[in-house]
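The residues making up each chain are set out below.
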Amino acid sequence: MTDIGTVTLMVTAALLIIQFSIFAYTIYLAVGIRRALSVRPYRNQALGIGLVSLAWNLLFLGGFATLSVMHDYGLFAAVVGIVMIMLFYWVDSSVLAARKSDPSPRDILRWREVRIVVWFVLVAVTTLAISVASYYQITTGTEPQYIANLGFGFGVWNVPAFIVVIVGAVALPISAYRTRDVFLRRSLKWFAAFVVAVALVGITPAPIETFAGLAIAGYCLYRSARSLIPHGVAERA
Amino acid sequence: MPSSGVPTLDGILGGKGYPERSAILIIGPPGINKEDFGYWFAKSGLLDGDSCLYLTRLSKREVEEDEGAFETTTSSGSLVWLAREGGEIKLDINDLSSLLDQVRGLLGRSGSRRVRIIADILSSVLMLNSPETAYRFVDRLIVEVKAHDAVLLATMEEGMHPIQIQVAMQQLFDGFIELSLYKAGLKILPLLRVGKMKGANPDQEYYTFSFARTGIQLKRAFLGDDVQLGPYVPAAEVSAHLEPARGPILTGPDAKVVFDFLVKSFIADYAASKLAIEQSGWRTRVTISKATGVPRASFYGEGGRFGPIMKELLSSGLVETRFFPGQRGRGGEVIKVRIAYEKELVKRLVDNSSRDAGGGN
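Protein chains in written order, with our numbering: chain A, 1 to 237; chain B, 1001 to 1361.
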């Protein structure tokens, strides 16, 4: 049993290292692509992928630190809020980049106006969620379950996530459909694969499967960033 | 000759700029800023007293807001906008005959002044119309350009059109400049190469470029295992560098043998086996080694890197590589090599080889 436990621990640790390495390289690659490009929406989109990778690590480490170690739901709400803002930055930049490569540049869902409203609502709701979670953390710190059930019964910190997921789920498929940019489409497809991998990770309780799933999710995100580099001149791996 | 507005690029083009009465294509992936070459071309023209027509699928405001690159030209009276919104003339990409009439009318009213036409509509025209209609439109537009004292600079998005259309456009225009991203190890660089230019003999070298408020800066890029960049090149230096006739591109005899084999493989796949262009000519390094007798060590370097012959071929820009996933090879994918057929120089070499092969029969 001890041997099996040790092996499990080693495999889990190896997968954890692999996962963080992939995400770290994705951040590096995304920043590199951003530097190589010159047009703002595309630069922002590359940066957005790097931010998603950073956000995922932040959620993973920050969630563990705030919930399992510090038991502070106010800080956890702050981590989730920051992560969702980073995620929405990517959604926003992707929709704007898709419009740029639409042959007859259509404003998807009047995005140029809607995005301002969504940004405002997201920041306001995130601030509110952090405030509410912090307030109850201070006043009823011994009852985390109570705090967890604030906000539609799913935890008040989930409200910003709902906004980002709903807006992204509506705007991104339309953007992917309208753009003729194969690089952007490919990037969005890999990002969808990343989302699926993350969703599958969410339903598995075993650590090895979780970290293996996260490593796969990291690879999908890396491919999403890499898809933004066109196969032009002799490309080197 | 009308200056490109980028002195270093003028140097690469022989020191004077784009040819008179010509149509130039700037082709590159989205986001690499092809439009900036149009901005500098227009700026240069307005300073020289030329008339400029700006044909854009965007609104005039969007172009003006684009990094502020156009701010110095908006006050000039000799700039006419054909834009989706906000221009002097509304541009309707779905009505190509009217668009052509409008351009013809404006060219006719220009009198003795040279006209510079900057157009970012080519990809949209190709996507929203049948290839035949789009091709006919571009062809007639180029005829109008040549009938007047005009130069057309059009941008085209790479990766949004089938390779056949891209090649057809490159052939239709008098010159084309390729912009691309190059990934070497951990570096990603934007590269520029003049693929073809009427009346000039472009050097087929790669340059990395960057944008600044003062203009576009170019540096020579020596592609290999590690990309080496030269200093920023002043225009005069480039011109001096280009004046003498260039020597052979491939210096090693083995590299020539390998390149000849790749040319024959491409012709065999495309002409004899009737494969599509994008599928033709791909060979693994092992296959090439066996067929040519060139040792495998020349293809494979240490630590998964390329060997000396591969380096020479890649740095010359004559071949390209691609990963083929799901095939036997390290990590379930294999790298294959073929000639970089879309490059004008390679195309000429293939044509010569085909002719030689035909003559031999």
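Keep in mind that the hints were calculated from the coordinates and are not lab data.
Glycine included, C-beta positions come from ideal geometry on N, C-alpha and C.
Careful, some of the hints might be misleading.
[What the hints assert, rightly or not] Beta-carbon label-pair distances, calculated as ranges:
1) Val165/A <-> Arg1061/B: 31 to 37 Å
2) Thr1287/B <-> Ile174/A: 29 to 35 Å
3) Arg1061/B <-> Val196/A: 47 to 53 Å
4) Met1001/B <-> Ile166/A: 29 to 35 Å
5) Ile174/A <-> Met1001/B: 24 to 30 Å
6) Gln1217/B <-> Arg112/A: 44 to 50 Å
7) Ala1212/B <-> Val165/A: 37 to 43 Å
8) Gln1171/B <-> Glu209/A: 50 to 56 Å
9) Leu1100/B <-> Val31/A: 40 to 46 Å
[Stated by the list, open to error] Pairs of lysine-lysine residues, derived as DSS-like cross-links and limited to a Cα-Cα distance of at most 27 Å, are as follows:
10) Lys1146/B <-> Lys100/A
11) Lys1187/B <-> Lys100/A
12) Lys1090/B <-> Lys189/A
[Claimed, not checked] Chain B stretches covered by chain A per the calculated footprint, using a threshold of three residues with CB under 8 Å from any CB of chain A:
13) 1121 to 1127
14) 1183 to 1196
Each hint tested on the structure:
no. : hint                               : in the structure
1   : Val165/A <-> Arg1061/B: 31 to 37 Å : holds (33 Å)
2   : Thr1287/B <-> Ile174/A: 29 to 35 Å : violated (45 Å)
3   : Arg1061/B <-> Val196/A: 47 to 53 Å : violated (39 Å)
4   : Met1001/B <-> Ile166/A: 29 to 35 Å : violated (56 Å)
5   : Ile174/A <-> Met1001/B: 24 to 30 Å : violated (46 Å)
6   : Gln1217/B <-> Arg112/A: 44 to 50 Å : violated (32 Å)
7   : Ala1212/B <-> Val165/A: 37 to 43 Å : holds (40 Å)
8   : Gln1171/B <-> Glu209/A: 50 to 56 Å : holds (54 Å)
9   : Leu1100/B <-> Val31/A: 40 to 46 Å  : holds (44 Å)
10  : Lys1146/B <-> Lys100/A             : violated (31 Å)
11  : Lys1187/B <-> Lys100/A             : holds (26 Å)
12  : Lys1090/B <-> Lys189/A             : violated (36 Å)
13  : 1121 to 1127                       : holds (count 3)
14  : 1183 to 1196                       : holds (count 10)
Going down the numbered hints, you'll see the structure goes against 2, 3, 4, 5, 6, 10, 12, while the others check out.
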